[in-house]
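Chemist: For the sequence shown, position 211 matches number 211 in the working numbering, and the numbering has no gaps at all.
Worth flagging that the hints you see were computed from the coordinates, not collected in a lab.
Some clues are possibly wrong.
[To be verified] Keeping only pairs whose Cα atoms sit at most 20 Å apart, straight-line, the calculated SDA-like set for lysine to any residue is:
| id | residue 1 | residue 2 |
| --- | --- | --- |
| 1 | Lys272 | Val435 |
| 2 | Lys272 | Gly262 |
| 3 | Lys272 | Val442 |
| 4 | Lys272 | Arg440 |
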Amino acid sequence: MTVLALVATACGDDSDDETADEASTQEPAATAPSAEEPSDDASAPATEPDSSDDETTAEDSSPQVSGTVEVFSWWTSGGEAAALDALFATLTAIQPNIEIVNAAIAGGGGSSARAVLQTRLGGGDPPDTWQTHHGAEILGQYAAAGFTTGLDALYREQGWYELIPAGLIEALSHNGDPQMVLAGVHRGNGFWYNKTLLDGQGVSVGDTLSVDQFLSIAADLDAAGIDALCVGDNGIWASAELFENTLVGVIGPQAYLGLWDGSTSFESPEVKNAISIYSQFLDYQNDDHVALSWDQAVSKVIDGSCAFNSMGDWAFGEFLNANLEEGVDFGWVSHPGSHGAFVAVTDGFTLAVGAPNPDATIEWLKAIGSLEGQTAFNQLKGSICARTDCDRGDFGRYHNWAMDSFGSAVIVPTVVHGSAAPAAFQQALNDAITVFVVSRDVDALASELAAAARASGFGG
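Taking the hints into account, I'd like the entire structure generated from these sequences.
Modeler: Okay, structure coming up:
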């Protein structure tokens, strides 16, 4: 599958972790420098840029354009909205005569927005630009259907082929032509916790967390009357993400990759073991999970009413928006067992075929891809720059940790956010998880996922 072009490893420090040992045998395709030793390698996001007095900014190089641009997204939570506003501010600074129409639709993971978008596209009423993800989503749902305009000329004009890792570009290109401009790269397998709460319970989280370690901590917290795991799955994708992260953590990134090329079966003993462990995680979730959105679940970690949350690093934006200090009020670690992996969730925007305002939309895409735009956006969103010349000094502890993970871990695609598999499989996963949260039938979930994989043309 095309999306697997994004898969990349880089050799890091020696580790006795089995998945890290497996990753070290592969050829690095995307690396990131350490926070302590910046590198001029241009193969991964966020390195120390060269300084130059005659550096040309996006504002310097763009002639003035007027008009409107309708920006369609699902970024409505506090942290998401703040990051989106930073992109709007970048565009306004470059092109003050462009009017921005914020067409965001609430619903985590795009669960509501994508249905509205599909109706508009099918009816010949596209927004100028919409939020999407790399891999199967942009390529299968939009590019192959003729809804997106190729951006090769823009990439060449802006020098992005030299500034964005080749694996990322390949994973969003149709017939060699990029179909979207990336704003940032999220790490989907984060495990966030209220540090003050855990300190009060005498719990210390190290650099990594195993499944057994988490289950032991969870049992102790449960005995103390504390919800160990916050979940907000009124949009079922959040529980599906908990499953996805658990799957990566239990079977390892290489076997997880095998799910999408058929070399790992969803009915294998290792996958069934992962499903069983996912069920154990659910034993420790908050009772009101069905009533909450993903960001409301993060808010429960923020206010100390539960301990952990498994979520991509868009959660970082919620902590930041609540004025919490990283490493002091809240902490993070990879989802249990998954520290050898980086579950890549990219955010980017398109140029619609038939966009009502193509010139203004091109200026919007330039702002997204600019150094200024990516720095401002990712500082607030929690993701790392897609560009390789962002200054690591402009980012804090979490971002630098994520940059190092991008350079040293096995990069794997997310199915929950549309990259690893076709939309039909994504929907089948959500439907199966909805049933499993109640039934806890391991064999049934494995069988349903295997059947969906076969129906989607891969694995089983």
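Chemist: All the hints need checking, so say for each whether the structure fits it.
Modeler: Verification of the supplied hints:
1. For the hint linking Lys272 to Val435, the alpha-carbon distance of about 16 Å falls within 20 Å, and the restraint holds.
2. This hinted pair checks out: Lys272 and Gly262 have alpha carbons roughly 16 Å apart, not beyond 20 Å.
3. Distance restraint check for Lys272 and Val442: the Cα-Cα separation of roughly 6 Å lies within the 20 Å cut-off, and the hinted pair is therefore satisfied.
4. Proximity of Lys272 to Arg440 is assessed by CA-CA distance (about 12 Å); at most 20 Å being required, the pair is judged to hold.
Checked against the numbered hints given earlier, the structure satisfies every one of them.
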